[in-house]
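**Student:** Sequence:
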Amino acid sequence: MGNPGLKIEELLRKFGRKQRRRTLDHVGDFTGMLGPQSVYMGTIQGKDNHIVYGEVHGECEIEGTLVLGEGGHWKGNIRAASIVIAGHVEGDIHATTKLELAHTAFVRGKITSPVVAIARGATHDGSIRMAKQTQITRYHERRESLEKDRDEKEK
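Anchor point for the sequence shown: position 30 equals 30 in the numbering used here, and the numbering is continuous, going up by one each time.
Please note: incorrect hints may appear among the correct ones.
[To be verified] Here are the simulated DMTMM-like pairs of lysine to aspartate or glutamate, each with C-alpha atoms no more than 25 Å apart in a straight line: (1) K98 x E55; (2) K110 x E90; (3) K98 x E61; (4) K47 x E70; (5) K98 x E70; (6) K110 x E70; (7) K110 x D29; (8) K110 x E59; (9) K98 x E63; (10) K47 x E63; (11) K75 x D48; (12) K110 x D125; (13) K75 x E90; (14) K110 x E63; (15) K47 x D92; (16) K47 x E61; (17) K47 x E90.
[Unchecked claim] Quick list of the computed label-pair ranges, beta carbon to beta carbon: (18) Q45 x R120: 27 to 35 Å; (19) E59 x F106: 17 to 25 Å; (20) Q37 x I128: 16 to 24 Å; (21) D29 x S127: 30 to 38 Å; (22) D125 x E70: 15 to 23 Å; (23) I128 x G35: 28 to 36 Å; (24) S127 x P36: 17 to 25 Å; (25) M41 x E70: 20 to 28 Å; (26) G35 x M130: 27 to 35 Å; (27) D125 x H57: 28 to 36 Å; (28) P36 x H103: 15 to 23 Å; (29) G42 x R120: 32 to 40 Å; (30) E59 x G35: 14 to 22 Å.
If you are wondering where the hints come from, they were derived from the structure by calculation, not from laboratory data.
Note that the Cβ used here is the ideal one computed from N, Cα and C, for glycine as well.
With the hints as extra help, turn the sequences into a complete structure.
**Tutor:** Have a look at this one:
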């Protein structure tokens, strides 16, 4: 996984994020990236933030943030502090801080997290395990449509 120092500000600008409620609003840099044409087999461990657009067969145990981008595929279990899923996961997901499922997410497996945000259109086939204090938020992705509106006006 390469491309150290990928700036999250670029992604935030792309998605028009200003409110800072989402996980990506609080990530400084991604130090690990797997491109859309790449396949990784093995375990990812550490404290860094990683973004995956390709395919992973294996486990993840990181203390940072993991983002599985739209079109990304993960087969295996994922454990990280914060997790954003916009791709396809077959395995269990354990977020120690927060889990977000984007409208393009498909997850087959058990979800465990104290805070879960699920966009309208996301698909989850499995169970959700939570503590008494768990908060589940369902939301409609408005940021993406705001960006499209802004792009239309610029043309």
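**Student:** If a hint holds in the structure, say so; if it does not, say that too.
**Tutor:** Status of each hint after checking the structure:
{"no.": "1", "hint": "K98 x E55", "verdict": "holds (23 Å)"}
{"no.": "2", "hint": "K110 x E90", "verdict": "holds (10 Å)"}
{"no.": "3", "hint": "K98 x E61", "verdict": "holds (15 Å)"}
{"no.": "4", "hint": "K47 x E70", "verdict": "holds (23 Å)"}
{"no.": "5", "hint": "K98 x E70", "verdict": "holds (19 Å)"}
{"no.": "6", "hint": "K110 x E70", "verdict": "holds (20 Å)"}
{"no.": "7", "hint": "K110 x D29", "verdict": "violated (28 Å)"}
{"no.": "8", "hint": "K110 x E59", "verdict": "holds (14 Å)"}
{"no.": "9", "hint": "K98 x E63", "verdict": "holds (12 Å)"}
{"no.": "10", "hint": "K47 x E63", "verdict": "holds (4 Å)"}
{"no.": "11", "hint": "K75 x D48", "verdict": "holds (20 Å)"}
{"no.": "12", "hint": "K110 x D125", "verdict": "holds (8 Å)"}
{"no.": "13", "hint": "K75 x E90", "verdict": "holds (5 Å)"}
{"no.": "14", "hint": "K110 x E63", "verdict": "holds (20 Å)"}
{"no.": "15", "hint": "K47 x D92", "verdict": "holds (20 Å)"}
{"no.": "16", "hint": "K47 x E61", "verdict": "holds (9 Å)"}
{"no.": "17", "hint": "K47 x E90", "verdict": "holds (23 Å)"}
{"no.": "18", "hint": "Q45 x R120: 27 to 35 Å", "verdict": "holds (34 Å)"}
{"no.": "19", "hint": "E59 x F106: 17 to 25 Å", "verdict": "holds (19 Å)"}
{"no.": "20", "hint": "Q37 x I128: 16 to 24 Å", "verdict": "violated (33 Å)"}
{"no.": "21", "hint": "D29 x S127: 30 to 38 Å", "verdict": "holds (34 Å)"}
{"no.": "22", "hint": "D125 x E70: 15 to 23 Å", "verdict": "holds (18 Å)"}
{"no.": "23", "hint": "I128 x G35: 28 to 36 Å", "verdict": "holds (31 Å)"}
{"no.": "24", "hint": "S127 x P36: 17 to 25 Å", "verdict": "violated (30 Å)"}
{"no.": "25", "hint": "M41 x E70: 20 to 28 Å", "verdict": "holds (22 Å)"}
{"no.": "26", "hint": "G35 x M130: 27 to 35 Å", "verdict": "holds (34 Å)"}
{"no.": "27", "hint": "D125 x H57: 28 to 36 Å", "verdict": "violated (19 Å)"}
{"no.": "28", "hint": "P36 x H103: 15 to 23 Å", "verdict": "holds (19 Å)"}
{"no.": "29", "hint": "G42 x R120: 32 to 40 Å", "verdict": "holds (34 Å)"}
{"no.": "30", "hint": "E59 x G35: 14 to 22 Å", "verdict": "holds (20 Å)"}
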